[in-house]
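Peer 1: This is what each chain is made of:
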Amino acid sequence: MKKIEAIIQPSRFDAVKDALHEIGVEGMTVLEVRGHGRQKGHTEFYRGNEYKVDLLPKIKIEMVVPDALAEQAVQAILRAAKTGKIGDGKVFLTHVDDAIRIRNDERGDAAL
Amino acid sequence: MENRNRGLISAFSLSDFYASESLRIQQSFDGTGDGLAVLRGRSEVVDTAVASLYRHYFSSQLDQPGKFCMLALGGYGRRELFPHSDIDLLFLTESSAEQASQRMAIAALLRELWDLRLRVGHSVHTLAECGRLYRQNLEFNVALLDCRYLAGDPELFNRLHDDVYPHLVSRDHQDLFRNLAEITRARHRKYDDTIFHLEPNLKEGPGGLRDYHVCRWLARISAIAKHKVWSPPEELWPAAWRAEVGPAWEFLCATRCFLHYFRERDDNQLSYECQDEACARGIGFQRGADPDCGGTWLPPPSPEDWMRAYFRRVRSICQLTLRLLDDYTPAGTGLYGLFQNWRSRLSNADFSVLREKVYFRQPAVPAQDPALVLRLFEIVARHGLEVSREAERAVAEAVAHGVTNLLESGVVWNHFRQILCFPAAAKALREMNRLGVLRALFPEFQAIDSLVIRDFFHRYTVDEHSFMTIQNLHALSRRKLRDRPNPDAAPEWEDRLAEILEELEQPELLYLALLFHDVGKGMETPDHVEGSRQAVEAIMTRIELAPPDRTTVRFLIVNHLEMSTTLQRRDIFETETVRAFAEKVETTERLKMLSLLTYADIKSVNPEALTPWKTELLWRLYASTANH
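If you're matching them up, the sequences are chains W and H in order.
So in my numbering, spot 50 of the first sequence is number 50, and the numbers just go up one at a time.
So in my numbering, spot 289 of the second sequence is number 289, and the numbers just go up one at a time.
Derived from the structure by calculation, the hints contain no laboratory data.
There may be inaccurate statements among the hints.
Unchecked claim - Per label pair, the in silico range of CB-to-CB distance:
1) W:99 x H:48: 50 to 58 angstroms
2) H:575 x W:79: 22 to 30 angstroms
3) W:21 x H:558: 25 to 33 angstroms
4) H:183 x W:34: 47 to 55 angstroms
5) W:37 x H:457: 27 to 35 angstroms
6) H:409 x W:21: 33 to 41 angstroms
7) H:524 x W:34: 40 to 48 angstroms
8) W:99 x H:267: 48 to 56 angstroms
9) W:49 x H:347: 40 to 48 angstroms
10) H:575 x W:109: 43 to 51 angstroms
11) W:100 x H:107: 51 to 59 angstroms
Unchecked claim - No farther apart than 25 angstroms at their CA atoms in a straight line, the calculated lysine to aspartate or glutamate pairs in the DMTMM-like style are these:
12) W:52 x H:574
13) W:85 x H:576
14) H:584 x W:14
15) W:3 x W:105
16) W:17 x H:616
Please read all numbers here as calculations on a predicted model, not as lab measurements.
The beta-carbon is built from N, C-alpha and C at its ideal position, and this holds for glycine as well.
Please model the complete structure; the sequences and the hints are all you need to start from.
Peer 2: And the structure:
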């Protein structure tokens, strides 16, 4: 099992969700987050005053998928989230030891 | 086996008796829908069971009653047992000495009741304890307001009922009033101070059964404190209220009985599923005397209509509760009292203001001077005052006689725009809606009156959502940039939105658009935006709005979803997105209005809908479009 965490542009969220549904990823957790990457933000003028804006709004999605589906899911996210510009985000992959469904104690892939 | 004999009812026949009586009551309810009969019937059955158990376990007391008795409290004390309500018992003793000797018998009696699957709560207190005020547990003091004698020493009960408890109440009634007011207001806050939830809780929500009890308790405390009498508390309410609230109470009782039977537990939330079922069975409408149906029984045609009937009734209970809390909560002294007296200076030639309530100086006037009705709501909107019961009656009468038809169209807008822009606009609009003024002026609003549209995110009815948008925008305008704790830090997103609200040239147009932006949801048009547009066109023609203002309002209504769609679907950091959006809004003034409308609309879906994250996105789209 792999856990996929992706940080994406808010505007690409619907497209990413649809692409994941298409390849059979059914569940995910979605968070409204703020952050920055290599591009450390910028200063912004508002009514004559200067403010530093270093955190930009992003969406983070998390899901755990069977190993066989992991690469497909990553490709789906990349395809749907890419605009080619700075700020498109990142995808992280980690190994997951086990998953347990609280309702009935199912384990492993069956719990996903 | 001799000692297993239970006298009149053996263990086996007791549970048999309870089961068969419960079934009989339920079947009778299925036929008649009479909730009050269930409450009475169930109380009688439990009375019988409790009495026979008392005879069995306290047989030694029967010959020599003294210093010990059993009382019912809460709903059971009131003889109002719902199918799955708890049963509250109080074992009263003269002194703590009796408590030890009765412990075994009490435990045995309670066990038998548990075995009947009754949920029993109990306490053991001495007479002296019942006369003490428990500041940490005033619920116990209040619970005694419903105490009823069940068995044991009647003399002991009489001392509590006629002497000890009235003494406590007359000494500490201010504390009891204050505590009831606090817990009731906290409970209302938990439900966002509105009755208009899509899936309301009919016990705890504002205007629910708990509020009805609070009204009774307030009246009872006052009667005991003043005259040491235990008269039926309803009789102490103003007569005009009784006529409205009585049928509302019956309706709620029938509905809660239905809910308990339907869900087979003490569940008080009217979920969508329960609304469908209640409507299909015509719950609350069976007895043919419903005023809404002109005396003949017509089941409501749809769950939406059934819910409208529900809200109408709950609204009257909620009104009475707020009014009584106001009347009984001591406010004559202290700072608040001074403030209230100061507010009485708001009186003028047409209105007098007394203890936060507005009165017409001459109640007959609205019939002759139609604009006075609107000026009443202006003063409410301006100062956040309450409409007095007398003024309410005068307004309702004036509306019934069609006084609003006599208003010249220009006059309506002149007053209405003021109402919309004053800080307590939402309060005034809710009152206008409740008293039928809004409907008389804008029949289009009727389409969304108490309308439930089932939706995963929305929490309130469509009309309440619309009032909430106006309330949220006025709340925004009370934020002041200069009041920030740290003036050097970047202003919060809402502070910035507050600033553009202050800059608007015609905020009244934005408020007008907000009031009617969702009216189309109650119309037959396939697209609610188009429905709202049609409705608002008719309204603008009627109130003779200036042509450029009509263009603005039309723009806001037609595009009221545009900005939130752009936020969610488009990359707002992309120049192309910003350019396309800027082309659509054309002017900075419109951009400001649409940003504020979007803010208010999302924020009024439910209290958590507008996260700071979303507010930031909204602000960024506004700012980049403004700089474009």
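Peer 1: So, for every hint listed, does it hold in this structure?
Peer 2: Tested hints:
1. For the hinted restraint 50 to 58 angstroms between residue 99 (chain W) and residue 48 (chain H), the CB-CB distance of approximately 56 angstroms keeps it satisfied.
2. Residue 575 (chain H) and residue 79 (chain W) have their C-beta atoms about 24 angstroms apart, which keeps the hinted 22 to 30 angstroms range intact.
3. Taken as a hint, the range 25 to 33 angstroms holds for the pair residue 21 (chain W) and residue 558 (chain H), whose Cβ atoms sit roughly 32 angstroms apart.
4. The hinted range of 47 to 55 angstroms is not satisfied by residue 183 (chain H) and residue 34 (chain W), whose Cβ atoms lie roughly 39 angstroms apart.
5. Restraint check, residue 37 (chain W) to residue 457 (chain H): a C-beta distance of roughly 31 angstroms satisfies the suggested window 27 to 35 angstroms.
6. About 53 angstroms separates the C-beta atoms of residue 409 (chain H) and residue 21 (chain W), a value inconsistent with the hinted range of 33 to 41 angstroms.
7. The hint said 40 to 48 angstroms for the Cβ distance between residue 524 (chain H) and residue 34 (chain W), and at roughly 44 angstroms that hint holds.
8. Judged by the Cβ atoms, the range 48 to 56 angstroms given for residue 99 (chain W) and residue 267 (chain H) is violated: they are separated by roughly 33 angstroms.
9. Checked against the hint of 40 to 48 angstroms, the pair residue 49 (chain W) and residue 347 (chain H) passes, with Cβ atoms roughly 45 angstroms apart.
10. Residue 575 (chain H) and residue 109 (chain W) have their C-beta atoms about 45 angstroms apart, which keeps the hinted 43 to 51 angstroms range intact.
11. For the pair residue 100 (chain W) and residue 107 (chain H), the supplied restraint of 51 to 59 angstroms is violated, since their beta-carbon distance comes to about 42 angstroms.
12. For the hint pairing residue 52 (chain W) with residue 574 (chain H), the CA-to-CA distance comes to about 20 angstroms; that is within 25 angstroms, so the pair holds.
13. At roughly 14 angstroms between alpha-carbon atoms, residue 85 (chain W) and residue 576 (chain H) fall within 25 angstroms of each other, so this suggested pair holds.
14. With a CA separation close to 23 angstroms, the supplied pair residue 584 (chain H) and residue 14 (chain W) stays within the 25 angstroms bound.
15. Our distance criterion of 25 angstroms between C-alpha atoms is met by residue 3 (chain W) and residue 105 (chain W), whose separation comes to about 20 angstroms.
16. With a C-alpha separation of about 23 angstroms, the suggested pair residue 17 (chain W) and residue 616 (chain H) falls inside the 25 angstroms cut-off, and the hint holds.
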